[in-house]
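Visitor: Sequence:
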Amino acid sequence: MFILLCWEGGCVGDASIRKIAYFDGAKDPSLFKGNKRDKTRVVTYRCPSNCAVQVYNYIEKTARVVFGPDLVVLDPHENFIVLSLSAGKPKKENALKTICLMLGPDFISDHITVETSDHARLKIAVSMNNEFRIERGNPESEAMLFSVPDFIGFACREVASKVRGKVASIPFEQFHKHSADIITAAVFGKNADGEVNKEVIFTANNLVITNIDIQSIEPIDHHMRDSLSKSVQMAIEIS
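Taking the numbering used here as reference, the numbering of the sequence shown is continuous, increasing by one, and the terminal residue is 239.
The set of hints was computed from the structure by calculation and includes no laboratory data. None of these values were measured; they are calculated from a predicted model. Among the hints, erroneous ones may be present.
Okay, derived cross-link-like pairs now, SDA-like style, lysine to any residue, Cα gap no bigger than 20 Å in a straight line [what the hints assert, rightly or not]: (1) 162 / 214; (2) 198 / 161; (3) 162 / 205; (4) 92 / 128.
Take the sequences, apply the hints, and build the full model.
Guide: What follows is the structure, encoded as structure tokens:
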């Protein structure tokens, strides 16, 4: 698998996944002769800028992290750690195989299904800015990058849980009027002064969400969607 990933630039998945295009410059067709791997060549991989890969030595049972744009040269008893990430909207597990972790700033998009206290079911499209904060040269800090195998799925589940928990305690009318403020406060939390925090840090892997943008909110129920559309249209006409 990791040889195929190196040949494909470090990432394999559906062509519609946005992140795939980022790895085109790292493709190395010379790893293969025809349809077979050229076993006379040392396995190398040019890690893209602002990315990291983890290499595991299965004899010594140790791991090292290499940052782009360095060239990774595998020793005889080393393999790349392959990450299996969630992708798509809504997120689907194991949709993206990669040896390369993008450090950011980047963004993650997802669809979240919520239900208000008066049982209105809604689909929320969100986009979150994210980045990893690490101390380069500190092996413990570097290893934390890969401590969560699916950082995308992990972040989306954590954010969705916060949003669902908050929305479940609020009636639809209130949520409809203040949705952006409610979602932002749910994700980032508030400090001792009651102000919304600027970011949220996931200590499991030092992933930081710095912003969340609500792109759309749609009722899942068709009848409710039609009623909401009419009420919005009436409000526009009255104003």
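Visitor: Could you run down the list of hints and mark each one as holding or not?
Guide: The hints, checked one at a time:
no., hint, result
1, 162 / 214, "holds (15 Å)"
2, 198 / 161, "holds (19 Å)"
3, 162 / 205, "holds (18 Å)"
4, 92 / 128, "holds (17 Å)"
Consistency note: the structure conflicts with none of the earlier hints.
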